[in-house]
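Assemble the whole structure, with the sequences as input and the hints as a guide.
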Amino acid sequence: MKKLSKWSVFYLCLVFVVLYAPIFYLIFYSFNSGGTMHNFEDFTLDWYKELFHDSRLLIIVLNTIIIALLSAAISTIIGVLGAISISMMRKKSMRDSVLSLNNILIVSPDVIIGASFLIFFTILGIKLGFFSVLISHIAFSIPIVVIMVLPKLEEMSPTLVDAALDLGASGKEVLTKVIIPYISPGILAGFFMALTYSLDDFAVTFFVTGNGFTTLSVEIYSLARRGISLNINALSSLLFLLTLILVIGYYFITKRANKQMGVK
Amino acid sequence: MVLPMKNSKKWYIIPYYLWIALFVIAPLALIVYYSFFNIEGNLSLENYEKFFTSVYLFMTLNSFWYALLITLISLLIAYPTAYILTKTRHKQLWLLLIILPSWINLLLKAYAFIGIFGTYGVTNKTLEFLGIGKQQILFTDFSFLFVSVYIFIPFMILPIFNSLEKLNPSLVYASQDLGASSWTTFRKIIFPLTIDGVKSGCQAVFIPSLSLFMITRLIAGNRVITLGTAIEEHFLITQDWGMGSTIAVFLIIIMIIIMVLTGNRKRGV
Numbered sequence: 001m002k003k004l005s006k007w008s009v010f011y012l013c014l015v016f017v018v019l020y021a022p023i024f025y026l027i028f029y030s031f032n033s034g035g036t037m038h039n040f041e042d043f044t045l046d047w048y049k050e051l052f053h054d055s056r057l058l059i060i061v062l063n064t065i066i067i068a069l070l071s072a073a074i075s076t077i078i079g080v081l082g083a084i085s086i087s088m089m090r091k092k093s094m095r096d097s098v099l100s101l102n103n104i105l106i107v108s109p110d111v112i113i114g115a116s117f118l119i120f121f122t123i124l125g126i127k128l129g130f131f132s133v134l135i136s137h138i139a140f141s142i143p144i145v146v147i148m149v150l151p152k153l154e155e156m157s158p159t160l161v162d163a164a165l166d167l168g169a170s171g172k173e174v175l176t177k178v179i180i181p182y183i184s185p186g187i188l189a190g191f192f193m194a195l196t197y198s199l200d201d202f203a204v205t206f207f208v209t210g211n212g213f214t215t216l217s218v219e220i221y222s223l224a225r226r227g228i229s230l231n232i233n234a235l236s237s238l239l240f241l242l243t244l245i246l247v248i249g250y251y252f253i254t255k256r257a258n259k260q261m262g263v264k
Numbered sequence: 001m002v003l004p005m006k007n008s009k010k011w012y013i014i015p016y017y018l019w020i021a022l023f024v025i026a027p028l029a030l031i032v033y034y035s036f037f038n039i040e041g042n043l044s045l046e047n048y049e050k051f052f053t054s055v056y057l058f059m060t061l062n063s064f065w066y067a068l069l070i071t072l073i074s075l076l077i078a079y080p081t082a083y084i085l086t087k088t089r090h091k092q093l094w095l096l097l098i099i100l101p102s103w104i105n106l107l108l109k110a111y112a113f114i115g116i117f118g119t120y121g122v123t124n125k126t127l128e129f130l131g132i133g134k135q136q137i138l139f140t141d142f143s144f145l146f147v148s149v150y151i152f153i154p155f156m157i158l159p160i161f162n163s164l165e166k167l168n169p170s171l172v173y174a175s176q177d178l179g180a181s182s183w184t185t186f187r188k189i190i191f192p193l194t195i196d197g198v199k200s201g202c203q204a205v206f207i208p209s210l211s212l213f214m215i216t217r218l219i220a221g222n223r224v225i226t227l228g229t230a231i232e233e234h235f236l237i238t239q240d241w242g243m244g245s246t247i248a249v250f251l252i253i254i255m256i257i258i259m260v261l262t263g264n265r266k267r268g269v
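Going down the list, the sequences are from chains A and B.
So for the first sequence, this note's numbering puts the first residue at 1; every next one is plus one.
So for the second sequence, this note's numbering puts the first residue at 1; every next one is plus one.
If you're looking for bench data, these hints aren't it; they were derived computationally from the structure.
With a Cα cut of at most 27 angstroms, we get these calculated BS3-like pairs of lysine-lysine:
id, chain 1, residue 1, chain 2, residue 2
1, B, Lys188, B, Lys166
2, B, Lys91, A, Lys255
3, A, Lys6, B, Lys188
4, A, Lys91, B, Lys10
5, B, Lys87, A, Lys255
6, B, Lys87, A, Lys6
7, A, Lys92, A, Lys172
8, B, Lys166, A, Lys6
9, A, Lys172, B, Lys10
10, B, Lys91, B, Lys109
11, B, Lys91, A, Lys6
12, A, Lys177, B, Lys10
13, B, Lys166, B, Lys91
14, B, Lys134, B, Lys109
Which residues of chain A face chain B? A few of them, derived with a C-beta cut under 7 angstroms, are:
id, residue
15, Val15
16, Ser116
17, Ile119
18, Asp200
19, Leu239
Computed Cβ-Cβ distance ranges for the label pairs, DEER-style:
id, chain 1, residue 1, chain 2, residue 2, range
20, B, Phe250, A, Gly168, 50 to 60 angstroms
21, B, Leu43, A, Phe28, 52 to 62 angstroms
22, A, Thr122, B, Leu96, 36 to 46 angstroms
23, B, Thr184, A, Leu165, 53 to 63 angstroms
24, A, Thr122, B, Ile257, 24 to 34 angstroms
Ideal Cβ positions, reconstructed from N, Cα and C, are used throughout, including at glycine.
This is the structure we're talking about:
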């Protein structure tokens, strides 16, 4: 392999600096006692202290996490079952049409998902709040889980199922003892993706959240529209840490899962 | 894989198909249905007539123009980045590091730029230091394009990186052995063979940039109105759901056209 030219290294460094600068800029000023994002006066942890005493914000954080965990769990269950049913389809045309229906919510712009769900909930008379947000998050996470699980199902050899059936396993046993253990890395990946999608979502939540209920993204938006407050900076450094932990956790879990599969 | 199961035992697939019916088909149908109602709630084609007036057509064109610029700039920056990445030693790690910022909450990144581009922010400090003096950066086209590209670039790099990885290097060596310059090799070999990645990258950037609304509000200060901003305004501020749905219908149509244009035509190749 040729060594990278100086220009290439410089270019790549530049891209990385620009990508990470805003994030570290935020974190840096979260320690500023000056209260602005320009003059760094003194080092302080006041913004973090304030953050932990802000019970309203803590409730919002809790809400966001509950929504993320619940929606990821439920969408994983529905998505896995959906993926299994897709993989069992014999007709290719049928399969393709179900898959394209599945992918509609992945490619649709958030604004359209949000607006259409808003109409949907209003027509059904569902009150906007915790449940409408939860249901929306489940709805837009399901197709992602399906996409993550389906390749695993496809690489699974049908002889495994045949063998289990020959040995007298029932349909349910085949599902819980053969299929699900085999595709567990895909399920895990789907769960994590659903989790991050839910934590990250702003636009859809913004449409279906109503007045009483807020998630972190919506709260940051309304705070940011009012201008700069270093509470958000403190919050962002904590979120950055959380994201890092999630990514590293995900990396190791999938690595271990792959290794286990290799041993088998 | 075929599981021999009786139909009666297929209860487990119900939730998934219920989801397709309720959350994929029904909402889309509702959008189309609502687009035929004017603000008084009467059935009419008023919204469609309104859409073809100069105000809305100009807005659509404007939105298109910005989305095109964002996509082009992203592509110009992302392609070399992806190319260099494939040549690095720990490329998977570097790729992960490129994608990592896209997992940070979008709002926080936009918020960071309010500080960076602000009147007293670091950019203006630098400009003053260079003797150029303070500029209004926030709430301009420049800041809007910069932040949008910043947010979308990982989605452009990823597919291009993947298609570059699939490229057989012996094709590049062959071209070089046959005396092609690096530019010719790129133009005739590398780029055409990675066009699928470029297409899916453009798709992943263009469609969301048509529908951006949060960045336009925070960074562009309502100066830039995209289709997304218009939809949001009609749904949440003016409560004219019919008009909002009509714009959404056009956004969906545009989206389908783009997906067909950038779709992978693997069979032909």
